[in-house]
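Trainee: Based on the hints, put chain B in the right spot on chain A.
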Amino acid sequence: MHDFHAADNLLKISLSYAQKNKFKKIDKIKIELGKFIEHGQEILADNLKFNIKMLAKGTIAKNSEIVIIEKRGENGYKLIEIEGE
Amino acid sequence: MPKKIIKINHLAKMEGHASFEGKILAGEISEAHIITEEGARLIEGTLVGRHYSEAPTITSRICGICPIVHHLTAVKALEKCFDVRVSSEVVMLRKILELAQVIHSHALHLFFLSLPDFLNYDDTKKMAGRYPNEAQMAIDIRKWATDLCLVIGGRITHPLTNMVGGFRKWPEEENLEKFLDGSGDILEMAQQIAQLFRDLDYPKFKNLGNFIALSDDTEYAIYDGEIKIWETKKNLVKKIFGKQMKGIEASKFVKKIKEIELRNELVKRVNYNGKPFFCGALARININKYLLNEEAAKFLETANIDFPTSNTFYNVLAQAVELIHCVEEIRNLLRELKKINWLDVKNASFKVKAGQGVAAIEAPRGTLYHYYETDKKGYIKNCNIITPTAQFLAKLEDDLSVFLSEFKNLSDIEREKKIKMMIRAFDPCISCATH
Chain A
1 MHDFHAADNL
11 LKISLSYAQK
21 NKFKKIDKIK
31 IELGKFIEHG
41 QEILADNLKF
51 NIKMLAKGTI
61 AKNSEIVIIE
71 KRGENGYKLI
81 EIEGE
Chain B
86 MPKKIIKINH
96 LAKMEGHASF
106 EGKILAGEIS
116 EAHIITEEGA
126 RLIEGTLVGR
136 HYSEAPTITS
146 RICGICPIVH
156 HLTAVKALEK
166 CFDVRVSSEV
176 VMLRKILELA
186 QVIHSHALHL
196 FFLSLPDFLN
206 YDDTKKMAGR
216 YPNEAQMAID
226 IRKWATDLCL
236 VIGGRITHPL
246 TNMVGGFRKW
256 PEEENLEKFL
266 DGSGDILEMA
276 QQIAQLFRDL
286 DYPKFKNLGN
296 FIALSDDTEY
306 AIYDGEIKIW
316 ETKKNLVKKI
326 FGKQMKGIEA
336 SKFVKKIKEI
346 ELRNELVKRV
356 NYNGKPFFCG
366 ALARININKY
376 LLNEEAAKFL
386 ETANIDFPTS
396 NTFYNVLAQA
406 VELIHCVEEI
416 RNLLRELKKI
426 NWLDVKNASF
436 KVKAGQGVAA
446 IEAPRGTLYH
456 YYETDKKGYI
466 KNCNIITPTA
476 QFLAKLEDDL
486 SVFLSEFKNL
496 SDIEREKKIK
506 MMIRAFDPCI
516 SCATH
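Residue numbers (this note's numbering), protein chains in the order written: chain A, 1 to 85; chain B, 86 to 520.
In short, the hints are calculated from the structure, not lab data. It cannot be assumed that every hint is accurate.
25 Å max Cα-Cα, derived PhoX-like pairs, lysine-lysine [as the list claims (entries may be wrong)]:
#	chain 1	residue 1	chain 2	residue 2
1	A	Lys12	A	Lys24
2	A	Lys28	B	Lys88
3	A	Lys12	B	Lys466
4	A	Lys24	B	Lys88
5	B	Lys263	B	Lys180
6	B	Lys89	A	Lys28
7	B	Lys92	A	Lys71
8	B	Lys466	A	Lys53
9	B	Lys180	A	Lys53
10	B	Lys92	A	Lys78
Now the in silico label distances, taken between C-beta atoms and shown as ranges [what the hints assert, rightly or not]:
#	chain 1	residue 1	chain 2	residue 2	range
11	B	Lys461	A	Gly58	21 to 27 Å
12	B	Asn494	A	Asn21	44 to 50 Å
13	A	Ser16	B	Asp460	30 to 36 Å
The beta carbon of each residue, even a glycine, is placed where N, CA and C say it ideally should be.
Here chain B stands alone, though its shape is the one from the complex:
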């Protein structure tokens, strides 16, 4: 066959951060979904054929806001591949890293992204000028959390110390002490910031669907747990507590999501039992509310909301509750770590082998899954990363259509405003979503 030249002249211009929101505003959910997947898909492509040790390093580059959770989840999944059991001290350090991740992500989203929306400020700086004390508190909380990531993880963004089997370097005891000392003030600040979110004008909204999160009987699950699902359509007993629900192991649950994704390849809708689902702070509170730490639970009581709730606008309030809870939890863990003699702590030794592993950790925006398959020399044969944003996009679309149907004769501008408000409540990871 002779050579042929095909003239294309396809102007491809990425619109940057507006792209994801732009697609939702235009009702192009499938396109928006492709955008949410792009970051993860390209990274997955580069991982196949690489040594397992590169996966945590490379996957943490998927996202600029939540690199730590990718690193932690990658390591956890690889530890499943090689049947590695790490010590309880290692788990505590990792929990602190993840809690710190949630704190700085929530503080950023709540004060600098969400609040301006609710208070009708187009300019975040103007709003910060109106609330200078709270702005400073949000910054101080973030600094405390990111510095903690530095001390334990070795770097503020992409961790260096965490690895399969444990940590390359233990944190300095005097450094950990400093964070415990400062944590009282930080807790007060978190409570003050949270107050801003208790009395906001949340739209009245409800919609059938599912809320999915990790759950554990002994603590408010962030780092570990089984998947539990609150199915709103079942209209069960008012106070559904996580412990009354049956849990599904992460690896089994991921299989279910994958099947559904494959079946809906073109439309890319992720459903569970025929209904889209939400993951994130509100899902966690709905299912695990009874395990919140004391101050967080107290604060939630004062909000006077009937839980569990399907009003996804309350995801913002849920994040405010978690802000308090996570600070309390880090305090608890730091107190535990004070009792440790670090000279006695050991990393787990292990042998690289052919294996498979799925790990799930609650990222700030919802459950994150990493799956790896390794060969006998420890090279990655296969991998799959499912981000929370990719999972809840179908629910965002569903909730948007229900929400908008409640209003008659919306102007274009009003409509756009309402859509943006809901997107903001869901808190999609714009970083993961728009690379």
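This is chain A alone, in the form it adopts within the complex:
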């Protein structure tokens, strides 16, 4: 469930920045993923990507490339940048 929520969180923030900057579509979302454990389960990059893509259906991010940079030493996850037009 937690990567689902993380995906939702990240997508919502991306969409809100995109809206503020009047993007018509988002082409790339770059995320930094550190170690993140909840209920003994780690958030995995593959699951996060899958969930973001699923939640992005019907939004301006629907065809966006999701780039996840894993940073094992860090904690939490960070939305680095979005690219679009």
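Mentor: Leaving out everything else, chain B in the frame of chain A:
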């Protein structure tokens, strides 16, 4: 337009279980409300476009403490969509599942979450060490209830057997017999645990507001009923009994809540007639007290409290009363089921169709609503889930502000303690609230 890169560097870290409480402590009720809704909202999003049969399975994953009630409510709502009438035996089995759900949730909350608060223990284990017999009883009660869920539902947490139309598999008669045999001891244990809660130091508190619960003329409503509302501001006749109140059908009531939610989109306050409302054990007792089973009613009498009461701290005592009542009720139902010839029991046949349905069931923490709209092939077009915690959050905020205003010069630590005590009394579903 040329491509643009926006640098954000937004560090998003979920704080886990502290998050919900943290928001309340910081006075950020809207944020707390968003957290309570998240679980349900994401699940609703995944359900649209799916086959109706997936709704009970998926919605039971909203919550780890109360998955059964989500499953039951989803099935009930879908049965409304397809105009399905199930047999009385099916209803009895479902009632037992829900009662068992309430028992194990209350036993957990009462002994392991609430009592440490009241007795000023920071460490639940230390408290259990001080009350080893009662701790064992709480565990035994929970085991009896969860094993019952296993025997009837097919699995302790997410049910497998319950489905639209009935059950995939009937429980084994010898198994049901075992639970009836053991129920006498369990009832005694429930009464002993309840005793711990009768004489606690409940803060004196009152506040205008509403108390809402399902109600039925023939039994203490958990699985079925109409919505009834005790409006404290009306200051009506002292002993308001549920049967004197007019009931509202669940689907009509849900429409009213939705309208209010939409109007207050930003602040996310749920009100009824301008006042926030409470749902949960105390609401049920306030409205349906006269329908409690014998031992539960006897126990409540000894508590010497003037009912109905707006003192939401008594929600804890109300849960203790329900613990006894639900064990008694399961005994009654198991005795009824002994008379059944399971070979004669049939599931309801039905045709999938385009339809709409709202179902309401009393979850441990309050009334749960599921709404579905299906297309002619049985795929979900629309759905909405309203959890009890999302409903009573506005009342928690209101009660907190009234409660805290009664104290002068509270230190930060004292203030935090008082807030946590009230949160604990409301018993928000931390699982639903913090996914």
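Trainee: Confirm or reject each hint.
Mentor: Right, here's what the structure says about each hint:
1. With a CA separation close to 15 Å, the supplied pair Lys12 of chain A and Lys24 of chain A stays within the 25 Å bound.
2. A C-alpha spacing of about 10 Å is found between Lys28 of chain A and Lys88 of chain B, which places the hinted pair at or below 25 Å, so the restraint holds.
3. For the given pair, Lys12 of chain A sits about 23 Å from Lys466 of chain B by alpha-carbon distance, which is consistent with the 25 Å threshold.
4. With a CA separation close to 10 Å, the supplied pair Lys24 of chain A and Lys88 of chain B stays within the 25 Å bound.
5. Proposed proximity of Lys263 of chain B and Lys180 of chain B is supported: the alpha carbons are some 18 Å apart, at most 25 Å.
6. Between Lys89 of chain B and Lys28 of chain A the CA atoms are separated by roughly 10 Å; this keeps the pair inside 25 Å, and the hint holds.
7. The straight-line distance between the Cα atoms of Lys92 of chain B and Lys71 of chain A is roughly 18 Å, inside the 25 Å bound, and the hint therefore holds.
8. Distance restraint check for Lys466 of chain B and Lys53 of chain A: the Cα-Cα separation of roughly 21 Å lies within the 25 Å cut-off, and the hinted pair is therefore satisfied.
9. For a cut-off of 25 Å, the pair hint linking Lys180 of chain B to Lys53 of chain A is broken: about 40 Å separates their Cα positions.
10. Our distance criterion of 25 Å between C-alpha atoms is met by Lys92 of chain B and Lys78 of chain A, whose separation comes to about 11 Å.
11. At roughly 23 Å, the beta carbons of Lys461 of chain B and Gly58 of chain A sit within the given window of 21 to 27 Å.
12. The hinted window of 44 to 50 Å between Asn494 of chain B and Asn21 of chain A holds, with their beta carbons roughly 48 Å apart.
13. Between Ser16 of chain A and Asp460 of chain B the Cβ separation comes to about 32 Å, which falls inside the hinted range of 30 to 36 Å.
When held up to the earlier numbered hints, the structure conflicts with hint 9 and nothing else.
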